[in-house]
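With the hints as constraints, model all of the structure from the sequences given.
Our numbering applies: residue 1 is where the sequence shown begins, and numbers increase by one.
Simulated from the structure, these hints should not be mistaken for lab results. One should not assume that every hint holds.
As the list claims (entries may be wrong) - The following label-pair restraints were derived from C-beta to C-beta distances: (1) A351 <-> K130: 30 to 36 Å; (2) A351 <-> G194: 28 to 34 Å; (3) D228 <-> N43: 28 to 34 Å; (4) D99 <-> S122: 29 to 35 Å; (5) E118 <-> Q95: 29 to 35 Å; (6) E79 <-> D224: 32 to 38 Å; (7) D282 <-> T105: 46 to 52 Å; (8) I216 <-> D282: 24 to 30 Å; (9) G292 <-> N356: 17 to 23 Å; (10) T105 <-> N58: 23 to 29 Å; (11) S122 <-> K70: 15 to 21 Å.
Since the model is a prediction, treat every value here as computed from it, not as a measurement. Even glycine gets a Cβ: it sits at the ideal position worked out from N, Cα and C.
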Amino acid sequence: MQLIKSAKKLFVSGVITFSLIITGCSSNSAGGSGEKENTEAFNPDNANGQTYDEVRANLGEVPKITAEIKLGAVAKAFENEYWRTLKEGMEKGAQNFNDKGINLTVDVKSPQGEADEEGQLSIVKDMINKKYTAMLLSPISDSNLVPGVESALDAKIPVINVNDGIIKEAPNFVGPKADQNGATAAEWISDKVGGKGKVAIIVGMPKAFAARQRTIGFENWIKDNSPDIEITEKQNADWDRSKAKDIAATWIKKHDDLNAIFANNDTMALGAQEAVNESGKDILVVGVDGIGEAYESIRKGEMDATIDSFPLYKGQIAVEMILRQLGGQELPRVIWTPQAIIDSTNVDTPAEEIINWSEPTVGK
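As structure tokens, this is what we get:
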């Protein structure tokens, strides 16, 4: 069992964990046909994808499109810092391409909350009616945006599924490999507890692909690599901080020897950390997403780690890939975006250094 010793190393070996981008192609190979994916129960974690760096190496410069482009993007809920940061990344990506001579705007919206499936679908339908050039969608569940995606494709509006919920009808998907989020957390925790002890899992919304896969990845890694670690509890907190705090507080009282808590996102991890702080016990807390508040908690010596999937850069990658599609380039079904473990050893290391980030180039 070899724990990744630095975020840079994790990123290199965790190229496997990249977010997926889908830009009009068939299921297992490059091919920007824009046809609907017919595969039942599509799971991008199992797809033969490429990293965004590999896409850049294979395709070269982003085509310089002369027509005006208006992108519509729909996130889950801006109450969560993660989605606000993804929005910022998409807007930054659009501005960068504007600076390089592409007439591009992006309009990023979200529903009222992370459970507002109908509200999110209504936003998508409105964007279709307003004839946006293309759409970047992060669904609340695997099914709530399907009618909107079908309508968009019928209207010849390209769609990329960006992160979290999976839309098998969408031709392309961008995001980190969700099961590797969980596996990375499991490996880090196992190393810290010496390969034995008791851990618990706080799960997000059961309808969300990311919640299911992060949990599966964690459980499978423990089963295969640290059989002396017991997963004593597992419960949904629906991405809610206060629910996560209450659940963690109950577990801490119930299990006097609990060693660690893994939460499917940082919002819930921060709630769990509040319960740990109030208990006065030494219990590891690990989240996923890499939001700013989690970084600050790690700096203060509270939360122990987060699996950062770099939403600021994921948003930029999503914009880049839809431009490649609109410019006629053929993309793989799945494109991975970066992720890395962040703890006290690298919390102040610039993200650009951790993921070796560079700006895309644009053709003449």
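Looking back at the numbered hints, which does the structure fail to meet, lowest number first?
-> Failing hints: none at all.
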